[in-house]
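Novice: Sequence:
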Amino acid sequence: MKSKNIQYQEKIDHLRFFAAFLILMFHALVTHFLWKPLGTDQVKGSPLCDVLFEGHMAVGLFMTLSGFLFATICKGKEVNALGFYRNRFLRIYPLFLTFLLLACYMDQSRNGLVNLLTSLLFLHNMESAVYVKWFTEVFWTIAVEFQFYLLFPFILVFFRKYGYKYLLGLIALSNLILLAVYLAQGSVKVLSYVTIFGRINEFVIGMILGFWFSSIRKNLEHPVFLPLAIVPVMLAASHFHRFGGLVASVNSYVWIYWPTLEGLVWGFLIVAYNASSLRLPQPLSRLFALGGTLSFSMYMSHYFFLRTSMWFTVLIFTANKQQVWMGPIIEQLRIHPITAGLVFGLFIVFPLTLAASVLTYSLIEKPFLELRSTYTRKSQSEG
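Using our numbering, you'd call the opening residue of the sequence shown number 1 and step up by one each time.
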């Protein structure tokens with residue numbers, strides 16, 4: 001996806017696609033394990049499985065990447081805040097509004113004017129927002145993203161006035177708030193996971209690395225840094241998994257520092273991948289970049305197609321006499337539910353989502369994206 005404010009960076013789109021794909025596969029796995037064919041004990045102790053079962057971490061990748069990208073765009077440039085807001089609006093609102101209205105019409109008894117206004121004002125991470133089961137579950141991230149968009153021009157001004165100590169101060173303040181709420185209420189998961197009070201750390205960490213990137217890029221070009229950057233992501237996923245994962249960790253203190261840790265490991269991967277001298281073969285690189293272009297549509301629509309293809313899950317786990325010929329396959333998928341989830345996500349949900357995303361991007365996103373304009377001009381460089 002090309003911006004009018006910075007030279008196109010194909011690797012950024014690679015990371016967008018990876019994040020959207022990981023979230024899709026995570027939800028496919030979670031859907032299968034709702035059937036609890038064998039429980040989840042068998043996946044403990046496997047770093048790769050930990051990453052898959054904690055695939056919600058990819059939301060943090062999206063948010064860290066936003067901070068990184070905005071910082072690289074705006075470094076050394078004057079920023080027209082109204083132009084920035086206009087571009088962000090054109091980027092998010094058309095598809096978001098389309099899906100919101102669709103959700104309202106799907107369940108008019110639950111979603112009225114107040115619910116719609118709550119979501120339209122980018123407060124979709126509140127309980128009064130529009131809600132349709134199996135459709136709007138992922139929309140809360142749009143609220144957090146846009147809240148950061150509103151803050152970014154101000155954070156940029158304050159950074160230029162006070163330096164890195166201001167950005168580090170925001171991270172410290174966020175962690176202090178999370179700690180205080182945890183001590184007061186015994187749980188801080190909601191505040192940490194679905195609000196700007198926790199997620200601001202990931203945006204700010206991305207900004208810091210974005211401002212540093214041109215200075216540290218040469219030091220990270222060696223191919224060894226890319227696998228070294230993957231290891232912390234896997235270790236962080238394993239660490240979080242030991243606390244019970246996304247659901248069972250609701251009262252855990254891990255949520256106090258989790259956004260910061262998540263931002264750090266993803267930030268390292270972002271800079272290592274963008275700086276690395278390693279290059280994908282050109283056809284594969286272009287294919288992944290196309291996936292990055294479609295990533296927003298993929299993210300917004302995949303839960304719907306996950307739900308509409310649930311019949312396949314039912315077929316796997318409720319075999320009857322009419323599916324005798326599938327007996328050996330069904331038995332293997334029962335024994336290996338992770339494989340079943342991966343098959344479901346990769347060969348059912350992903351193709352459906354991808355096909356729909358081509359249409360929603362071409363017909364809804366792209367025409368509005370072409371209306372975006374330049375909102376930066378050359379100025380002094382950052383310190």
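No wet-lab data here; the hints were simulated from the structure. Some hints could be false.
List of simulated lysine to aspartate or glutamate pairs, DMTMM-like, C-alpha gap at most 25 Å [what the hints assert, rightly or not]:
no.: 1; residue 1: LYS4; residue 2: ASP107
no.: 2; residue 1: LYS77; residue 2: GLU137
no.: 3; residue 1: LYS218; residue 2: GLU370
no.: 4; residue 1: LYS133; residue 2: GLU370
no.: 5; residue 1: LYS378; residue 2: GLU137
no.: 6; residue 1: LYS75; residue 2: GLU221
no.: 7; residue 1: LYS378; residue 2: GLU10
no.: 8; residue 1: LYS189; residue 2: GLU370
no.: 9; residue 1: LYS366; residue 2: ASP107
no.: 10; residue 1: LYS189; residue 2: ASP107
no.: 11; residue 1: LYS165; residue 2: ASP107
no.: 12; residue 1: LYS77; residue 2: ASP107
no.: 13; residue 1: LYS75; residue 2: GLU10
Novice: Indicate, hint by hint, whether the structure satisfies it.
Specialist: Cross-check of the supplied hints:
no., hint, result
1, LYS4 <-> ASP107, "violated, 39 Å"
2, LYS77 <-> GLU137, "violated, 37 Å"
3, LYS218 <-> GLU370, "violated, 34 Å"
4, LYS133 <-> GLU370, "violated, 33 Å"
5, LYS378 <-> GLU137, "violated, 40 Å"
6, LYS75 <-> GLU221, "holds, 21 Å"
7, LYS378 <-> GLU10, "holds, 23 Å"
8, LYS189 <-> GLU370, "violated, 38 Å"
9, LYS366 <-> ASP107, "violated, 28 Å"
10, LYS189 <-> ASP107, "violated, 28 Å"
11, LYS165 <-> ASP107, "violated, 47 Å"
12, LYS77 <-> ASP107, "violated, 46 Å"
13, LYS75 <-> GLU10, "holds, 19 Å"
In summary, the structure is inconsistent with hints 1, 2, 3, 4, 5, 8, 9, 10, 11 and 12 from the numbered list given earlier, while agreeing with the others.
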